[in-house]
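Based on the hints, put chain B in the right spot on chain A.
Protein chains in written order, with UniProt numbering: chain A, 1 to 557; chain B, 1 to 424.
No lab work stands behind these hints: they were computed from the structure.
Being a predicted model, the structure only gives us computed values, none of them experimental.
It cannot be assumed that every hint is accurate.
Said to hold, decoys possible - Derived list of chain B stretches under chain A, where covered just means 3 residues or more per stretch with a C-beta under 8 angstroms from a C-beta of chain A:
no.: 1; stretch: 53-61
no.: 2; stretch: 314-322
To be verified - To list a few chain A residues with every Cβ distance to chain B over 10 angstroms, as calculated:
no.: 3; residue: Asn112
no.: 4; residue: Arg207
no.: 5; residue: Pro232
no.: 6; residue: Asn271
no.: 7; residue: Asp346
no.: 8; residue: Asp355
no.: 9; residue: Leu358
no.: 10; residue: Ala375
no.: 11; residue: Arg384
no.: 12; residue: Met447
no.: 13; residue: Asp462
In this text, a Cβ means the ideal position worked out from N, Cα and C, and glycines have one as well.
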Amino acid sequence: MALAREIYRAFESIVGSRNISEDLGIRETYRCIPAQSSAHFGPYDQKTPLPQAVILPGSTEEVQQIVKLCNKYKIEFKASSTFWATMGYIGSDCAIQLDMRRMREIEIDAKNMTAVVEPYAIGATVQAEAMKRGLTLNIPGVGCSSSPLASTAGWAGFGPTSIFMGCATENMLGAEWVLPSGETLRTGSVGAGSGWFCGEGPGPSTRGILRGVVGTTGTMGVCTKVAIRLHPWPGPDHIPSVGDAPAYRAVLPDNFKGYTLCFPDWGAYANAVNLFHENPDILFLGHRQYNKFGRNLKVAMIKILNDKNKQLCDLPALMEDPVTKKQNEDMKIDVQVILAGMSKRDMAFKEKAVDTILEETGGWKSEFMQEPDIAAWNLMYLLRLGHKNLNYTLCGAYEGTFGLTGNVFVSSSLMEEASALKRKWELESDCIAAVGGDSDMGSISVMGGGGATGWEFFTQFDAYDKESIKNTKLFADATQEWMTSKGLGVDFCRWNEDARRPDGYNYTQEQHDEMYINLPQPHVTAYQYKVREAFNPNKLTGSYYRTLTPEKLKEQD
Amino acid sequence: MALEDYRAMMERCSNCSGCKWIPFDKIKSQRFSENCPSISYYNFNTHSARGRFQLAQTLLDGDCEFSPDVVEAIHNCTACGSCDSTCKITRYNLEPLDHNLALKAKAVEEGYALPEQKPIMDSLQQEKTMLPGELRSNRLHWASGIDVKDLMKEKGEVAFYPGCKYSYNEKLKPVAANALKLLINAGADVGIFGSADMCCAGRALQMGFENDYEQQAKANMEVFTKSGVSVIVTPCSDCYHAFKRQYAKLGLDIKVMHLVEYLDELIQDEKLVMKNRVPMTVTYHDPCHLGRLGEAYVPWEGKEKKILNQVHTWEPRRPRYNGADGIYDAPRRILQSIPGVELVEMERIREYTWCCGAGGGCSQTNPEFASWTANERITEANATGAEAMVTACPWCEESFMNAKDEDGNTIQVVHLIDLVLQAI
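For reference, chain A alone in the conformation it holds in the complex:
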């Protein structure tokens, strides 16, 4: 469907002819194939709908004018920064796609330890700019190639450094927010003309509406600027990186140490994680990272990634290598941590604290991960967190399954059962990569100071192989069934299943009503319906914002 000439020209007059396209081929490259991205959705092989136009705004004013036009002509819109996840794409045929890549400013306020970022400033660039000022930011699990603004304003936003730096909801300060109606609202202190230092005031505090806990995935208008809290970086003004591609290594001073902590059983693991939660000053970073490659593969994969001459075809031989096998067994139940000393004394305290926790729980440090080159590679990997992309190394596509997010004692006690279920599928069906069952990974804490862990089982499949996609979805059905039987809630790859239909389109209100009336707490979505009515009267931003028609509650009563 093409936009009417009058409407197209109106959009064009806002951004200029260079920054808008309705060419079919150009628009086709703005459709998401969920099987190719980790989307907490699917995996599905259908494309998301074709936008009527792709528009690249260059300023808040342009965004505002575009959104006002969308309201005038009742055209849906969705803004995305890096277009990684399905949630950033439109969900109807009557919609335009906003590509925010022209808006990428980063403004660091070192004194107040904040950064004001625009949508296309990615984690790596914000971190690089912050490091020049002795600061850094929490880069969520999605990795440094994604937009901190998107994670902060629109999604959960926890990651490896959350134990030290908190998650998105904790780090979000003021925002410049183009509401779905086209008005621009500045939230928190900036709304009162007092700078960006606070999200709650003076000025309007809208955190609960703009993002809530999990985030509204860009369905409540367009954030054009967000202020985020920065954190101390006791290192050089950039991460010195050496080595041959792809094995880049960080050369950092002695106040940075990365360890892989290993445990004899899950009970010991849980006790150690709990001690870190109770003593949150110890860790700069805590993440179960390399297990994403799978229990049987992780050391072999680390060796491949650290040798420019090795390839994936070397996996079988490496996995059979007795030394690798022993190193792998040593790291069977593991977690990666980084200590960053703010002073020599601080570093000594942290080292001692880690040793004490290991002593108390019967754990040990992996010697393999302490080999100098591997240790330097590990530091590079975890501190910059380009790791989202390594998530794809094995098969090209993956989805998170299970999702054992919560209390570490609950999740760890179920780890072997979950692993056994996955291993059964690996052996009985060839739809997913056979990696040893346990491919659990995730943050030691999803919140600042320690608390619930955020885990998922990476499940790698082949997006080119239709059977692999189809049967991976069946595997997700099985993991959801298991999750439900254990009272663990929604499987990780189903988080957005109620937000977008399998065919890639938005749900209708009627379909959402049928779903949400059966929620344990349907009033929440009925409340959100009213919020949407106030902020988004023309319903222009898709069905990721979960709403239940309030009348349905009355009917139920």
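Just chain B, lined up with the frame of chain A:
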């Protein structure tokens, strides 16, 4: 490989955005963090390697056509291979650059070349150069006055192959002449191909004209073989890549060296001694086709094999070109051997260097885009505080000679050979 043969790669691309940035581990600032001139200039996702995978998939499915915008997007790729190197930081089974070239070839095959490409290809056919307006009869003017062997008439060990830019460009001709004289003075048994000297046609391949390229490559290979030389030395990075990587696929079995490699060996063997002080702070620009695309071709024939259910590999092991083994150290060693020269590095170097803008024929077909790309590099060079930018490719050199940084400043552009000449 035909475009259709890249289907699996198109669908296995992870949409991770790696192709739009220098390796994340190497980012030192936002200003110099991007790697792909095409998407950096045009901004639409279509202009990235990811976008091109998706566009090709759509074209093959018949869901879109070769519209003018699509044709522009396909051809406005400098074929610099930056997307390829960064993709391969994490992926072991995608070939974004080869795919981009296959997409260009498909467009050309279907009749969707750019109008600006026609005179270039006509010139290749008629005058054996991809520089329209230049005549074959003038090709050897750069060497006039130099007493050098004609390898088609007498035997020699080393062939000096200047390439079209050094043969015709008035400002660049002295580089070729000086380089040849230097080799002769160093005692090399060197000659030129005389009237048989022709364009390497590497740019034809970069623009998607596969048949023209192959025809010209085979004609050149015949000349090379007939001459009986054992080494070809070229100061042009484009020619170097064409011979070393592309001609090798067609069976060229003669050692190929870039001039910087040859000079580096002469210096290591103490056949060339740097005596004079050249007090200058310089920065070095890695030409794409010498650096990340300068790895030698390794013959391979095999097929895909899945292991561990869904991990796709190749049997036998397939060569992996990720830029790790490009020519980076030789030019730096030469610079470091010159007394007084101080090398200061830009942020984007080696396998993640920023393109000069001339690749893929873009400086000839889309000068505005090429010029913007070169200007970006001059901005980066000037940020180092260097007095001059040194490079080892005539296409880069020409691009930078005409470029200005974001504040309107230029930088002195020097070929490595000129510094060496001052030092010996």
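These are the hints, each one checked on the structure:
no., hint, in the structure
1, 53-61, "holds (count 4)"
2, 314-322, "holds (count 6)"
3, Asn112, "20 angstroms, holds"
4, Arg207, "27 angstroms, holds"
5, Pro232, "20 angstroms, holds"
6, Asn271, "33 angstroms, holds"
7, Asp346, "26 angstroms, holds"
8, Asp355, "30 angstroms, holds"
9, Leu358, "29 angstroms, holds"
10, Ala375, "15 angstroms, holds"
11, Arg384, "5 angstroms, violated"
12, Met447, "25 angstroms, holds"
13, Asp462, "5 angstroms, violated"
Figure legend: structure checked against the earlier numbered hints; hints not met, in rising order: 11 and 13.
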